[in-house]
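S.K.: The lines below spell out each chain.
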Amino acid sequence: MEIHFGWQNIVFMVALGVAIHFFSRSFKKIWRNIKLGKDIQRNDRSSERWGIMARVAMGQTKMVKRRYVAGFFHVLIYAGFILINIEVAEILIDGILGTHRIFAEPLGPVYDAAIHFFEILAVLVIVACVVFLWRRNVNVVDRFKDLKGWPKKDGNYILIIELVLMLALLTLGAAEANMDSMNHNGWVISGLLAPIFSGFSQETLHVIERAAWWFHIIGILLFLNYLPFSKHFHIIMAFPNVWYSKLEPKGQFSNNPAVKKEVEMMMDPNADPFAADAGGEETEEPDRFGAKDVTDLNWVQLMNAYSCTECGRCTASCPANITGKKLSPRKIMMDTRDRLEEVGQNIDANGGEFKDDGKSLLDDYITREELWACTTCNACTEACPVNIDPMGIIVDMRRYLVMEESSASSQINTMMTNIENNAAPWAYAQADRANWINE
Amino acid sequence: MAEPIKVPTMAEMNAEGKFPEVLFWVGCAGSFDDRAKKITKAFVKILNKANISFAVLGTEESCTGDPAKRAGNEFVFMMQAMQNIEVLNGYEIKKIVTTCPHCFNTLANEYPELGGNYEVVHHTKFINNLLKEGKLTVEGGTYKGKRITYHDPCYLGRANGIYEAPREVIQRLDAELVEMRRCKSNGLCCGAGGAQMFKEPEKGNKDVNIERTQEALETKPDYVAAACPFCNTMMSDGVKSSEREGQLPVLDIAELIVQAEDL
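As they're listed, the protein sequences go chains A and B.
Heads up, the first sequence is in numbering that gives the first Met the number 0, so the first residue is 0 and it goes up one at a time.
Heads up, the second sequence is in numbering that gives the first Met the number 0, so the first residue is 0 and it goes up one at a time.
Because the hints were derived from the structure by calculation, they are not lab data.
Positions of the beta carbon are idealized from the N, C-alpha and C atoms, including for glycine.
You can trust all of the hints, since none of them are fake.
In the DSS-like style, the derived pairs of lysine-lysine whose C-alpha atoms are separated by at most 30 Å in a straight line are:
no.: 1; chain 1: B; residue 1: 17; chain 2: B; residue 2: 5
no.: 2; chain 1: B; residue 1: 239; chain 2: A; residue 2: 325
no.: 3; chain 1: B; residue 1: 183; chain 2: A; residue 2: 325
no.: 4; chain 1: A; residue 1: 147; chain 2: A; residue 2: 325
no.: 5; chain 1: A; residue 1: 325; chain 2: B; residue 2: 198
no.: 6; chain 1: A; residue 1: 144; chain 2: A; residue 2: 325
no.: 7; chain 1: B; residue 1: 202; chain 2: A; residue 2: 291
no.: 8; chain 1: A; residue 1: 358; chain 2: B; residue 2: 198
no.: 9; chain 1: B; residue 1: 94; chain 2: A; residue 2: 259
no.: 10; chain 1: B; residue 1: 5; chain 2: B; residue 2: 36
no.: 11; chain 1: A; residue 1: 64; chain 2: B; residue 2: 183
no.: 12; chain 1: B; residue 1: 205; chain 2: A; residue 2: 325
no.: 13; chain 1: A; residue 1: 61; chain 2: B; residue 2: 183
no.: 14; chain 1: B; residue 1: 198; chain 2: A; residue 2: 259
no.: 15; chain 1: B; residue 1: 36; chain 2: B; residue 2: 183
no.: 16; chain 1: A; residue 1: 259; chain 2: B; residue 2: 93
no.: 17; chain 1: A; residue 1: 64; chain 2: B; residue 2: 205
no.: 18; chain 1: B; residue 1: 205; chain 2: A; residue 2: 147
no.: 19; chain 1: A; residue 1: 37; chain 2: A; residue 2: 61
no.: 20; chain 1: A; residue 1: 245; chain 2: B; residue 2: 94
no.: 21; chain 1: A; residue 1: 291; chain 2: A; residue 2: 34
no.: 22; chain 1: A; residue 1: 354; chain 2: A; residue 2: 27
Just a sample of chain B residues kept apart from chain A, beta carbon distances all over 10 Å, derived:
no.: 23; residue: 16
no.: 24; residue: 17
no.: 25; residue: 130
no.: 26; residue: 137
no.: 27; residue: 145
no.: 28; residue: 162
Below, a sample of chain B positions facing chain A; criterion: calculated Cβ distance under 7 Å:
no.: 29; residue: 67
no.: 30; residue: 108
no.: 31; residue: 207
Please work from the sequences and hints to get the whole structure.
M.R.: Dropping the structure here:
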């Protein structure tokens, strides 16, 4: 094995270091933002959680459910991402040591088989990217029609970057195939592309080969640093997000512990509401009921927001959205992320302390009309390929509206008053409840 | 015609020193809503026919708190829940059957944490079990060659994963079960959930129940089957504003049985 350690490798290591530094800085910031959420216990039943992660995140089972075109091509890109990254590992080692295709010699025919396979995969990824670009820009799929501005651009950038990276990989192989110093004639796809560079001088080929190599790896490092600012961050967050899925039946809403305590006190004739807590003086300000801003949500809900890749399957299945109401579960998740980012930037700008900006998730991002359009039918949570729960956020915000602001509509208030007074949502007396028997 | 229904209350049974096999949780719609009361009675007829020892709470029953919880009012929900649990635990109830998926979901999933632990069964599953065990038999004649489409209630289907029991009952009726485009886990809501039943819908270009009813009509059904009193209301209203007004019955699973058996 030949080692040509030189200035290129130094440059490479610096680039790698810089990329990792900036990525980890972005990642830490996001993790800090997620931790702004309230604590919630979600590490029970861990073997079940690993199983769900294996099926839903790694196995893409919900991805391919009912949406065959998107599912099929997504699996291609996903497989490409996972498997071609094995080759990236080699590129990293080559880049640091100054070797060339370090695994080729020790692996022999296995290596050739792998590269053949990766090249085919690269072509499939290119096809998938073209199909997806088509579905986003030419023959626009319904659920992408209301994406405008940054979310639309973001989606296109990701696909174009992936496409170009794959082309660089194939160009690299095709140039190599013409080089005398290489002892191969290219692999299955690069071999086919090789004639493009036939007749080029060895020096030119060398320059093309190096350029493609550098372009590919620098592209990957830049892409890595693009992720934290993009919906594409889902390629990382999808896995933990699915691990922390809600495992209870979808219809089971959490019982608010603070309310539970108060109601228990109300119902206990021996309770003394003025008694001091056994733990001593209460100095902490009590939590708000429900959610007005992102910091009232729990950290899993905030992680959900960073895991959303804005595919819109939730919105496409939402009965409210289908019938023209303002509610869009995808928008709920995008708003949550946008507001959380804003809060994070606020904290950064104010030396680690959040300075009240007079804004909140409620009203400044999500309107009441959206919240009251939800039928809590769970179509959105069912549709999400990575088990995001927009409905939980909607319900928490309703809790704020009802319990902190008492701002429900008069019809909802009537329903609740009826339950309190008559034990039924309508104004019938409880004494008449068994009348049906003799009617 | 059949004999009058027998509906003992827990208080009566308790006074006689008896204990029922199962408590029938009627629910608010089942107690007060004229349409839903028919479903309640249909289910009672089935219980009577199968000789099931059951009781209702009667005037001691009160709202589970479901609509308040979906609207965001944890206070009202918990007051209801804790009062109900006190009554249920007072009678040492072990098993509950209910015709309402919302009551079912709340009792089965949200009460345990508050001290109410019961085996809760939805009536579609209960009926299906009676049929399986042979405690109830149906003659298929009434629905032979008829097309029945089944609307999945969100709080039975997606919320609790019960898709097959109601379908199995329909298939036992010798009817042709025809599925809507969106069914089972992909089913479309009727529009009543999440406390929408008690409010005007938000602004939009269509009501959810109209969208759903149109989908049901596409299957060219002879009957629309439902398994929730609220879905029943929404689908019935949808049919009323369609071209098949007055010709397409929307029936609960229990009512399908009662009609077949002329109970």
